[in-house]
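Taken in order, these protein sequences are the chains called A and E.
Just add 12 to wherever you are in the first sequence, counting from 1, and you've got the working numbering.
Just add 363 to wherever you are in the second sequence, counting from 1, and you've got the working numbering.
Careful, some of the hints might be misleading.
[Unchecked claim] From chain E, some residues computed to sit far from chain A (all C-beta separations above 10 Å):
(1) A427
(2) R434
(3) F450
(4) L493
(5) I520
(6) P560
(7) A566
(8) P584
(9) L662
[As the list claims (entries may be wrong)] Restraint ranges, calculated between C-beta atoms of paired labels, are given here:
(10) E/I569 / A/G69: 51 to 59 Å
(11) A/E237 / E/V453: 16 to 24 Å
(12) A/G127 / E/I653: 17 to 25 Å
Think of the hints as simulated: they come from the structure by calculation, not from any bench.
By construction, the Cβ of each residue, glycine as well, lies at the ideal position given by its N, Cα and C atoms.
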Amino acid sequence: MGSRVGRGPGTLLSRAIVVGALLVGAVISLFPFYWMAVAATHRTSDLFTSPPPFLPGGQLLDNILALQDEIGFARVALNSVVIAVVYTVLSSLVSTLAGYGFAKHRFRGRNLLFGAILATMFIPYQVTLVPLFQLMSALRWINSYQAVILPFLASAFGIFLMRQGFLSFPDEIIESGRIDGASELRIFYGLVLPAVRPQLAALVIYTFMSQWSAFIWPLLMLNREDAYTLPVALNTLVGQSHVDYAGLMLGSFLATLPVLVVFLLFQRQFISGLLGGAVKG
Amino acid sequence: MVTARVPGASAPPPGRRRSRVPQLAPAWFVGPATILFAVFFGWPLVSSLLQSFQVRQAGQMVWAGTQNYSRLLNDPLIFASLGNALFILVVQVPLMIGLALVLAVALNQAWLRMRSGFRVIYFLPAVTTLVAYAIVFRVLLRSDSGVVNQALGVVGIAPVDWLNDPLWARIALIASITWRWTGYNMVILLAGLQGIPRETFEAASIDGAGQRALFRWVTVPLLRPVILFCLVTSTIGTLQLFDENYVLTRGGPANATLTPVLYLYQVGFKGLDFGYASAIGWFIVAVIGILSLLQFRFLGRER
Numbered sequence: 013m014g015s016r017v018g019r020g021p022g023t024l025l026s027r028a029i030v031v032g033a034l035l036v037g038a039v040i041s042l043f044p045f046y047w048m049a050v051a052a053t054h055r056t057s058d059l060f061t062s063p064p065p066f067l068p069g070g071q072l073l074d075n076i077l078a079l080q081d082e083i084g085f086a087r088v089a090l091n092s093v094v095i096a097v098v099y100t101v102l103s104s105l106v107s108t109l110a111g112y113g114f115a116k117h118r119f120r121g122r123n124l125l126f127g128a129i130l131a132t133m134f135i136p137y138q139v140t141l142v143p144l145f146q147l148m149s150a151l152r153w154i155n156s157y158q159a160v161i162l163p164f165l166a167s168a169f170g171i172f173l174m175r176q177g178f179l180s181f182p183d184e185i186i187e188s189g190r191i192d193g194a195s196e197l198r199i200f201y202g203l204v205l206p207a208v209r210p211q212l213a214a215l216v217i218y219t220f221m222s223q224w225s226a227f228i229w230p231l232l233m234l235n236r237e238d239a240y241t242l243p244v245a246l247n248t249l250v251g252q253s254h255v256d257y258a259g260l261m262l263g264s265f266l267a268t269l270p271v272l273v274v275f276l277l278f279q280r281q282f283i284s285g286l287l288g289g290a291v292k293g
Numbered sequence: 364m365v366t367a368r369v370p371g372a373s374a375p376p377p378g379r380r381r382s383r384v385p386q387l388a389p390a391w392f393v394g395p396a397t398i399l400f401a402v403f404f405g406w407p408l409v410s411s412l413l414q415s416f417q418v419r420q421a422g423q424m425v426w427a428g429t430q431n432y433s434r435l436l437n438d439p440l441i442f443a444s445l446g447n448a449l450f451i452l453v454v455q456v457p458l459m460i461g462l463a464l465v466l467a468v469a470l471n472q473a474w475l476r477m478r479s480g481f482r483v484i485y486f487l488p489a490v491t492t493l494v495a496y497a498i499v500f501r502v503l504l505r506s507d508s509g510v511v512n513q514a515l516g517v518v519g520i521a522p523v524d525w526l527n528d529p530l531w532a533r534i535a536l537i538a539s540i541t542w543r544w545t546g547y548n549m550v551i552l553l554a555g556l557q558g559i560p561r562e563t564f565e566a567a568s569i570d571g572a573g574q575r576a577l578f579r580w581v582t583v584p585l586l587r588p589v590i591l592f593c594l595v596t597s598t599i600g601t602l603q604l605f606d607e608n609y610v611l612t613r614g615g616p617a618n619a620t621l622t623p624v625l626y627l628y629q630v631g632f633k634g635l636d637f638g639y640a641s642a643i644g645w646f647i648v649a650v651i652g653i654l655s656l657l658q659f660r661f662l663g664r665e666r
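With these hints in hand, go ahead and build the complete structure from the sequences.
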């Protein structure tokens with residue numbers, strides 16, 4: 013143990029207090045996840061007994077069937093997956109291309125354009141909701157995938173993140189590619205892109221998670237049960253007069269599971285990528 | 364470097380091989396993003412600004428001058444929603460950033476085991492689907508026999524009517540938001556802390572600074588820019604609050620958890636009053652702009 017830091021008779025005690033407090037905090041962080049999973053395996057009527065159940069029950073299958081019955085879970089989950097995956101692929105592509113253009117190409121008005129795009133980060137997007145809604149209605153795109161996907165494809169944060177990644181790539185390598193006669197696309201795809209894999213991974217994870225959770229825009233765009241995404245469908249369950257809480261917990265658990273798994277698998281890339289945008293670019 | 368904008372303007376110096384970038388190459392890279400921003404952000408911005416000066420008359424949007432804005436300045440619900448957001452801002456943001464800072468300092472102690480494990484656990488709430496976590500809190504906080512009230516009963520506290528009492532509903536909202544975002548801010552602060560050389564702390568403690576003095580006179584001043592970042596983003600987030608209060612309480616009871624964005628949603632998409640909703644949107648833009656500016660002004664100095 014580091015004797016340099018640990019001095020004074022109170023050190024051991026204060027460390028014990030710190031560890032204790034951290035453990036309490038960890039339990040508070042984790043408990044809602046745990047209870048969500050437990051509640052998903054019980055009947056609604058058993059959730060509010062005294063004491064409430066803290067161990068898994070045997071109702072999981074029944075609850076799954078009930079949830080399928082109530083919100084057409086399979087279809088809704090499919091909508092969520094398609095929208096999140098297509099959005100992630102397209103949005104990451106747009107951000108990566110633009111990030112590279114702003115980092116490594118010179119053209120008239122580059123700084124102005126980049127500044128304008130960055131400025132959109134500071135304007136709350138809610139101010140655009142009314143015209144976007146009108147646009148989508150005029151296009152008769154309500155209840156379509158593209159209505160959810162298209163308007164928020166370009167992400168200032170994503171462009172910024174990728175640009176930061178590309179900036180440190182040496183110009184000489186790009187230049188030598190040009191001298192060798194490679195096309196600009198070939199240089200981008202073959203030479204530069206492999207070097208920014210960490211940023212790209214962070215971007216993909218971040219983009220997927222944010223679209224998977226998106227609520228207000230899908231809520232505005234989707235008003236037919238078979239077009240809902242998971243958050244919108246779960247929200248309709250909340251509004252009912254007779255709430256199926258077990259189904260709600262199961263749905264919430266299933267809606268959280270994919271992002272949880274993605275996060276736990278890639279948490280290192282995700283956190284460092286996120287910080288790329290926050291702490292000192 | 365050869366620039367694309369002046370192709371052939373000056374001949375390449377003899378004796379040096381220069382490549383040429385196709386003139387349209389940059390357009391292929393930044394074009395898609397630019398078009399998307401122009402269509403789905405730039406144009407809506409202009410459109411909502413124009414609509415904020417219009418009202419609907421006999422099914423037609425007609426020019427109405429500043430009518431929407433004068434209505435806004437006399438609308439008690441706008442001020443109620445702004446008041447709620449400011450209440451949450453004043454109570455929740457300092458609470459959360461303070462908590463995040465303490466946690467970050469604790470997790471930065473070299474003697475602590477499983478630091479990365481703690482970091483992941485504390486960050487976990489931040490990845491939860493917003494609607495899902497709001498639903499879980501709704502169920503946990505149910506007045507009759509919700510888990511939280513039962514736990515309070517064990518220690519002899521009478522059940523609290525979390526979601527149906529104006530004050531408790533706000534507290535429930537604050538607790539939920541704090542649960543979700545503390546770890547997120549902690550991770551950012553922790554990264555900032557790890558950027559401070561360990562010798563700085565050691566030098567200060569050799570000079571006789573205790574843990575508390577270290578925190579007050581070394582940690583906080585050096586972390587100032589990062590703390591500012593967290594404060595500004597949290598302020599913006601609070602003023603844009605929608606998902607949580609919509610799912611938890613639908614803005615109730617008695618509009619105690621109505622926020623500006625939820626009000627915009629009600630006016631625009633339940634009431635279909637697009638002109639007034641646009642004015643509310645620009646009002647939110649102005650409020651966020653002013654608050655961010657104030658924070659930079661008063662906290663951003665002397666870095």
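Numbers of unmet hints, in rising order: 4 and 11
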